[in-house]
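Starting from the two chains in their separate frames, assemble the complex, guided by the hints.
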Amino acid sequence: MNTDLLALLAIIFLSTTLLATLTGYVRLQKKARRLQGEEDAIRAKAHQRAQNILETAQDAAFQIASEAIVKSEDNKKLVQEKLEDVANKQLREYQKMVHSASSNIEDQVAKNIELKMDEAFAKAEKEIASYKSEREKEIDQKVADAVAKASRELLGHSIDLSAHTDLVIKALAQAKKEYGF
Amino acid sequence: MDSRVFQLVKTQVDVTALINEIDILVDSLYRTGEDSYAKVLHTKIGVESAKLFSEAHDDKETRKQSLLQLKSDLTNLVPLRLTLAFYPTPESVDKIVTWARTNIDKAVIMDYVVDSTILGGAIIEYQGKYADLSLRKKLDESFFVPPPSSPS
Chain A
22 MNTDLLALLA IIFLSTTLLA TLTGYVRLQK KARRLQGEED AIRAKAHQRA QNILETAQDA
82 AFQIASEAIV KSEDNKKLVQ EKLEDVANKQ LREYQKMVHS ASSNIEDQVA KNIELKMDEA
142 FAKAEKEIAS YKSEREKEID QKVADAVAKA SRELLGHSID LSAHTDLVIK ALAQAKKEYG
202 F
Chain B
0 MDSRVFQLVK TQVDVTALIN EIDILVDSLY RTGEDSYAKV LHTKIGVESA KLFSEAHDDK
60 ETRKQSLLQL KSDLTNLVPL RLTLAFYPTP ESVDKIVTWA RTNIDKAVIM DYVVDSTILG
120 GAIIEYQGKY ADLSLRKKLD ESFFVPPPSS PS
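If you read the sequences in order, they're chains A and B.
Position in the first sequence (from 1) plus 21 gives the number in the working numbering.
Residue 124 in the working numbering sits at position 125 of the second sequence, with consecutive numbering throughout.
Keep in mind that the hints were calculated from the coordinates and are not lab data.
The beta-carbon is built from N, C-alpha and C at its ideal position, and this holds for glycine as well.
Watch out, some of these pointers could steer you wrong.
When the alpha-carbon atoms are kept at most 30 Å apart in a straight line, the in silico DSS-like pairs for lysine-lysine are as follows [stated by the list, open to error]:
1) B:128 / A:158
2) B:50 / B:137
3) B:70 / A:197
4) A:191 / B:136
5) A:144 / A:163
6) B:94 / B:59
7) B:94 / A:198
8) B:105 / B:136
9) B:59 / A:197
10) B:105 / A:158
11) A:191 / B:59
12) B:94 / B:50
13) A:191 / B:105
14) B:128 / A:198
15) A:147 / A:132
16) B:137 / A:198
17) B:63 / B:38
18) B:136 / A:153
19) A:66 / A:51
20) A:163 / B:136
21) B:137 / A:163
22) B:137 / A:191
23) B:59 / B:43
24) B:137 / A:197
25) B:137 / A:153
26) B:50 / B:63
27) A:110 / A:92
28) A:158 / A:132
29) A:198 / B:50
30) A:197 / B:9
31) A:98 / A:117
Now the stretches of chain B that chain A is said to cover, found in silico as 3 or more residues with beta-carbon under 8 Å [as the list claims (entries may be wrong)]:
32) 78-89
33) 98-107
34) 110-124
35) 130-141
Derived Cβ-Cβ restraints for the label pairs, each shown as a range [what the hints assert, rightly or not]:
36) A:187 / B:6: 15 to 25 Å
37) A:187 / B:74: 25 to 35 Å
38) B:47 / A:187: 23 to 33 Å
Pulled out of the complex, with its shape left as it was, chain B reads as follows (with noise of 0.2 Å):
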């Protein structure tokens, strides 16, 4: 998948946004005037996403497939469920999703939830692999008293 892609879409909000985009712009490869490919694409695409899909084809059926590729691969990128303390910025975004695609997976895209009582740190979901790598955790395991085993 083109590295420009990977730049655009670091969330699942991000992929399902590009996703629709393509949608709409396939649906436009055989219509003229308003609805037309060219039209939509400078009405109804974000300008970043209308970077890539500018590039100039042969023919509509290529342009076709090449947009329905992209689609598959975008369905087929890999979530990284993340349950956050706080409203990640852009800059927490990149920065978050930047790391993991160098040090877990290329292909890795970034679905968060933010629950203010974890505190801090994050639970991670990955793969069908769970972490409550939270500080409200870490917490819990410092104050945890075990109860006294009942004699058998």
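Okay, chain A solo, but in the shape it has when bound (with noise of 0.2 Å):
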């Protein structure tokens, strides 16, 4: 009898724990539908506002976009306008100092043109004074051979060794008066 009241109390025991394991089970079953429900909604909403800010990133990047855009193609021309002014003036400059840099080559190439002829017609003159005076002492000294040999022929056989003496003579004593020998 105890036996059987025992395993009567065990089942009843078991009965009812079962009960309440299905209980809580039951109530934890809807307590993660509520939170699965709450979840998706976040979720929801999330992905809303998640769409909406890149909406609004889009435009706001279109509208850089297109601002960007326009201030390039600006700037790209005030960049070609700007690099066409120093072009300019740096071609004005070229051109200034080309004329200036010609003029001053012109000059000096002149003046060095000048300056060679200059020394050119100086060497030119000294090189025929040279000459005319070499051609003048030869003219003299042939001049001066043929006297002395035209004299030598003819003094040399019409002055004897007295007159040579006397001559010698002649020579000193004018040495003395002249010369204070």
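Quick look at the structure:
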């Protein structure tokens, strides 16, 4: 009897425990479903919000990009104009410099040519003078030689030793008188 | 200086020859035999020069001093350098030297070179002075035409 009672008591206890467990399970399942619904709602809300942010960002980006393109075009144009200005300015300065350099070079070349011509002229004059002097010396020497030769031939025969001696004494007398010997 | 010496030396060549003879005689003063003074005087000295040195002296030292004094006097003679157009004869030399000693200086001796291109007259150098009195110079001066002065 005791055994049956114990079995009965056990069955009752187990049934109660099972019931309590099932009840807890159902309760937990409901709670899980509710939480899942809340999560889905939050997800949907977050998705919507993200979508909104993304769209807003895209619009902003598009606007910025559009403005940037416009600005870029303007800047490009401005840069182009600046470059042209600078290039024109550089070109004018270059032309001016080339013109100045060309003038300087022309002046320098003219001066050099003038200097070279002066030098060449002076050199030619010197050479001519030297040549003239040499030729005059040659002519003088030839004349002197010719005169000396003619004189030797004429005087050599005409002056005897006595006359030579007299000429020497005459020279000595002249030296004493005129040169203070 | 003895007038006979002046008669003996009229040119630089004469002076050099006489100085050479004096050296020989001085060297022979203390020698004997073939190299004695008396022997050398007759064998190595010219006749005219020998007449100058043949006088007797009391002693060799006195004779030596006399010779050296003469050598010194000869060295101090004043050369009259002449460039001549001809080779002078002794007569010409005598005539020229006599005139020079009478009119310029008694101690003059003639030193000459010959250059026929001077034609005549003489180029004279004496005691640092110079005079070209040759015929060539006179002819040059006669024919010389100065170059035209260049414009400055």
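Hint check results:
no.	hint	verdict
1	B:128 / A:158	holds (28 Å)
2	B:50 / B:137	violated (45 Å)
3	B:70 / A:197	holds (29 Å)
4	A:191 / B:136	holds (15 Å)
5	A:144 / A:163	holds (28 Å)
6	B:94 / B:59	violated (38 Å)
7	B:94 / A:198	holds (19 Å)
8	B:105 / B:136	holds (29 Å)
9	B:59 / A:197	violated (44 Å)
10	B:105 / A:158	violated (43 Å)
11	A:191 / B:59	violated (47 Å)
12	B:94 / B:50	holds (23 Å)
13	A:191 / B:105	holds (18 Å)
14	B:128 / A:198	holds (13 Å)
15	A:147 / A:132	holds (22 Å)
16	B:137 / A:198	holds (17 Å)
17	B:63 / B:38	holds (16 Å)
18	B:136 / A:153	holds (24 Å)
19	A:66 / A:51	holds (23 Å)
20	A:163 / B:136	holds (15 Å)
21	B:137 / A:163	holds (17 Å)
22	B:137 / A:191	holds (14 Å)
23	B:59 / B:43	holds (19 Å)
24	B:137 / A:197	holds (18 Å)
25	B:137 / A:153	holds (26 Å)
26	B:50 / B:63	holds (16 Å)
27	A:110 / A:92	holds (26 Å)
28	A:158 / A:132	violated (38 Å)
29	A:198 / B:50	violated (38 Å)
30	A:197 / B:9	holds (19 Å)
31	A:98 / A:117	holds (28 Å)
32	78-89	holds (count 6)
33	98-107	holds (count 4)
34	110-124	holds (count 7)
35	130-141	holds (count 7)
36	A:187 / B:6: 15 to 25 Å	holds (22 Å)
37	A:187 / B:74: 25 to 35 Å	holds (32 Å)
38	B:47 / A:187: 23 to 33 Å	holds (27 Å)
Of the numbered hints given earlier, the model fails hints 2, 6, 9, 10, 11, 28, 29; all others are met.
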